[in-house]
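Q: Okay, here's what each chain looks like letter by letter:
Number of protein chains: 2
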Amino acid sequence: MKLKMMYSYLNSDINLIESELEATIEAESPLLRQASLHTLRAGGKRIRPVFVLLGGKFGDYDIEEIKNVAVPLELIHMASLVHDDVIDDAELRRGQPTIKAKWDNRIAMYTGDYIFARALELIGEVKNPLAHQILSNSIVQLSVGEIEQIKDKYIFDQNLRDYLRRIRRKTALLIAASCQLGAVVSGVEERVHRNLYRFGYYVGMSFQITDDVLDFTGTEQELGKPAGGDLLQGNITLPVLYAMSDRKLRAKIENVHEHMQQADIEELISMIKKSDAIEKSLAVSDRYLAKALSILDELPQNRAKKTLRDIAKFIGKRKY
Amino acid sequence: MKLKMMYSYLNSDINLIESELEATIEAESPLLRQASLHTLRAGGKRIRPVFVLLGGKFGDYDIEEIKNVAVPLELIHMASLVHDDVIDDAELRRGQPTIKAKWDNRIAMYTGDYIFARALELIGEVKNPLAHQILSNSIVQLSVGEIEQIKDKYIFDQNLRDYLRRIRRKTALLIAASCQLGAVVSGVEERVHRNLYRFGYYVGMSFQITDDVLDFTGTEQELGKPAGGDLLQGNITLPVLYAMSDRKLRAKIENVHEHMQQADIEELISMIKKSDAIEKSLAVSDRYLAKALSILDELPQNRAKKTLRDIAKFIGKRKY
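These protein sequence lines are chains A and B, in that order. Per the working numbering, the very first residue in the first sequence carries number 21; after that it's consecutive. Per the working numbering, the very first residue in the second sequence carries number 21; after that it's consecutive.
These aren't lab readings, by the way, just hints derived from the structure by calculation.
Copies of the same chain look alike in the list, so a pair counts if it fits in one copy or across any two.
Derived BS3-like pairs: lysine-lysine, alpha-carbon spacing no greater than 30 Å straight-line:
| hint | residue 1 | residue 2 |
| --- | --- | --- |
| 1 | Lys122 | Lys171 |
| 2 | Lys173 | Lys122 |
| 3 | Lys337 | Lys293 |
| 4 | Lys337 | Lys300 |
| 5 | Lys22 | Lys311 |
| 6 | Lys333 | Lys293 |
| 7 | Lys77 | Lys147 |
| 8 | Lys311 | Lys24 |
| 9 | Lys245 | Lys171 |
Taking the hints into account, I'd like the entire structure generated from these sequences.
A: This is the structure we're talking about:
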């Protein structure tokens, strides 16, 4: 089943959020409007807003309350992607040229700032203090995660814990916040919204590990950008960590640098794919997924819970 | 009189804000902590927090309420400076190497994001909805102003209105917000806090015009960075706009580019200084200053009002 089919019953609310997103980044500056819309329209799964909606279904669901947290959350995610593309010097995202490629890095930086600022304006309208705290803490963790990722680039002497800490901040905490936020603004009791947070956290960890595996196993068409980009950029992801337990592979990986020959990086990717690194990484992803699913058992029975289960399973097995 | 002497009676509260600033940016990541502290300790006049404190003196002054808006406001200002230095490829600020120079542009971008995120966390604790709205709107305007500044770089066919609109967003609105915010959280009546906003706006305009003049007339020692940087970066400031009314000067200015010879830019700066551009610019700054001072007449009499007058006059005449 396609991902979007799993929550087609939420379509009208998803469309509402989509138009709110577009209305929010409407800027007086034509350049800013173009660059922001470019980012917005490049798509993305909008999985975070979907998690917010689903979390809300565990309580007194009111789309007006929900959208006040779903829209800024997705904007924060978008802003961080725009800044990531500056850092990674990325030319393509989701098959579209990045802002950096279409304009330049300076425009990309301020477009990210602008989207971030718009998110902040919306957060200003959130009345619930806990929702507020969750949103701002997510942003702090996100920026710490991003700076840690830069610091750890091309550092080959790192372990599983370093990696897990990075992806926790970079990805998992924001997905955890998504699942919790909708519930919090819908008056869901604490035990339940905390479990939704934990569910989101485990799904987020699984999601990012799968993402890091796909950077090796995916085709350029599936990824919307060339494969192996993470390694070339010096991002030591889980498959790389496992591959380094092989002495020969480790020696080759330690020689990776930004300007290496295309043929050399392709050869290395192919060697990593043939090693047991991919399998081991997917096993870790599966363990997080299993934890996520087991938390669902503790949640009240409803349609949203079934959808969360479907999405979690999809994320674990996705090819793109 | 030195600027700091004008408000020495606020010293204990200013020190409190200073330590709150330092405590806020305390990060788990050593790199982030170093880069943020580097920015913080490079100093600056902290004029925005001072305006917040002074605004508060018009009402029911409570430093606990005041600091909740003063600290995030200064953090927003700091974050925007960090990002500006990325854009301007600046090596020095206030005589200190920039983050970009000490580390690199990527670290600078995320340090800015991190400081911004910390500001957001604090804003989350602001209960007053109007204060909230003022803070977030300032950030939106700031990012729009910054992107407009990039867009208008090396565009010689622009007029006074374009310039004034840029500095309004880039500088004046944040100073206006500073003056208003302290008053708003201190329960000052609307007529008064709106006048404080207007005062801050005019002071901010005057301040930025003086700043743009100093970039021509200041020495490297006074500025903490080489003179003429704005023009070299393609920022068409007020003195440049006036200088372009001279045909010969206009031709030379239109030839400015980033990689021009040091001797050529120095010659051009000296020609602009000899023209009437500086005098005309200062006259505009003075007009804004006069407006600011006339608004003060409408405010209730108190010690803070006298200090606002002293600061405004200082800003109009400052040499650094």
